[in-house]
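Asks: The whole structure should be built from the sequences, with the hints applied where relevant.
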Amino acid sequence: MEMVWRPDDTLVFSFEQDKQGIFYSIVSLRFVYVETSFFWRWWEEQNEQVRASVKELVDQGRLEFLLGGWCMSDEATPHYSSLIDQMTLGLKYLNDTFGECGQPRVAWQIDPFGHSAEVALEFADMGFDGVFFGRIDHEDIALRKKNKTMEMVWRPDDTLGPEGDFFTGVMYNIYDPPPGFCFDTYCEDEPIMDNPKLHGVNVNARVDEFIEVVKKYAQAYRTNNVIITMGGDFHYVVASAWFKNIDKLIKYVNAKLNSDVHVLYSTPACYLQALNKENITWPSKMDDDFFPFGSDEHSYWTGYFTSRPSFKYFVYQTNVALQMTKQLKTSLPNDTLAEEQFLIQRAMGIAQHHDAVSGTERQHVTNDYSLYLYEGIQAAMKIINVAYRHLLGDYLPEQQPCLLMNVSQCELPSPTINYITLYNRFRLSM
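For what it's worth, the UniProt record's numbering labels the leading residue of the sequence shown as 1, then goes sequentially.
FYI, nobody ran anything at the bench for these hints, they're computed from the structure. Model, not experiment: these values are computed from the prediction. One or more of the hints may lead you astray.
Straight-line Cα separation of at most 25 Å, BS3-like style, residue types lysine-lysine; simulated pairs [claimed, not checked]:
1) K215 / K148
2) K256 / K215
3) K285 / K146
4) K326 / K312
Replies: In structure tokens:
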């Protein structure tokens, strides 16, 4: 599941229209889930019976959380503290809800537009077993397919030596299904027809096509295990169509004699476990990143490094407010203004999305993110004012932020007497 980028989407619309039904379609199968923000919203609306069923799926490994952050973040434009905060928010929520069984073991960055060595270091420090990508430069992936280096051990910082090594896998087809095997309502590919009483039976031909695709994928990898993604943007709205056809593929491919292909439902953690059992030496990538991302010869995704500068500035402003509340709230009882703290954490969490702070979303979506950030700052100011008065006394005037400083406009509370408060968040005096 992804958050939003389309012109007619907001977080509310995207959840109600595209995501909610997915949760009810996974009881007997395997499913992975990435962005905790949407899961939190769905979970808040469920009764205890549904929650118990989901916990059982998690305990059995049939529902596996990947990454676990509040969102799947961009890797080029966020501040490192914001990345850590949004990961902390999501992972803590999963741990509080499901305990150890809900802990993600694999990072899943399949949609961001390039990948940073610094983020890889953070993931390694967080204890992930590995990370999977969808997008790397078109020349890079072509060479890796040819040389069977789609999976590697990445050492993002050579000064750390082997302790910083991190398994990294690149998907063959970003995160989309193989060509010709999309079974969503948005797709026009042939379903698997296996009823001999009806016209249009195509099961044998479709199975042969799928086996050829799998063998083509396998040529780019070093082991007999190949990961095939089945899904895409805004897919699984009608999940039963997917699972019905995948079930048929699994049944008939596995029944075909001498095909050398065995298909099963799996998860990235299970896939990594299978790779680990191969006990092979992986190629390495040393002290480097995966920037810039070019989707073809004349299409380099670099404009987003600086696009929507005002929105990027607003995100960084809100981060300052969040860091202040994290420090000041330690002077207050734990449950004081907890909802306000959660509000700004959520706002900052979704703002790190690869279609948020990056600026790659449409204007309508930017406006929605901006509203969340504004509400987050207002919540932060409640915490800041309560903490200041708790520490310094009730005489302290109310603190107000200047949110339009980038256009040199500040609303002053008094035309005659004004104060500016400078906050030093470092331990050393300045």
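Asks: Holds or violated: K285 with K146, Cα cutoff 25 Å?
Replies: holds (16 Å)
Asks: Given the hint that K215 pairs with K148, test it: the Cα-Cα distance must not exceed 25 Å.
Replies: holds (13 Å)
Asks: Regarding the pair K256 and K215, is the alpha-carbon distance no greater than 25 Å?
Replies: holds (15 Å)
Asks: Take the C-alpha atoms of K326 and K312, compute the straight-line distance between them, and say whether it is at most 25 Å.
Replies: OK: K326 and K312 at ~21 Å, within 25 Å.
The structure meets every hint from the earlier list without exception.
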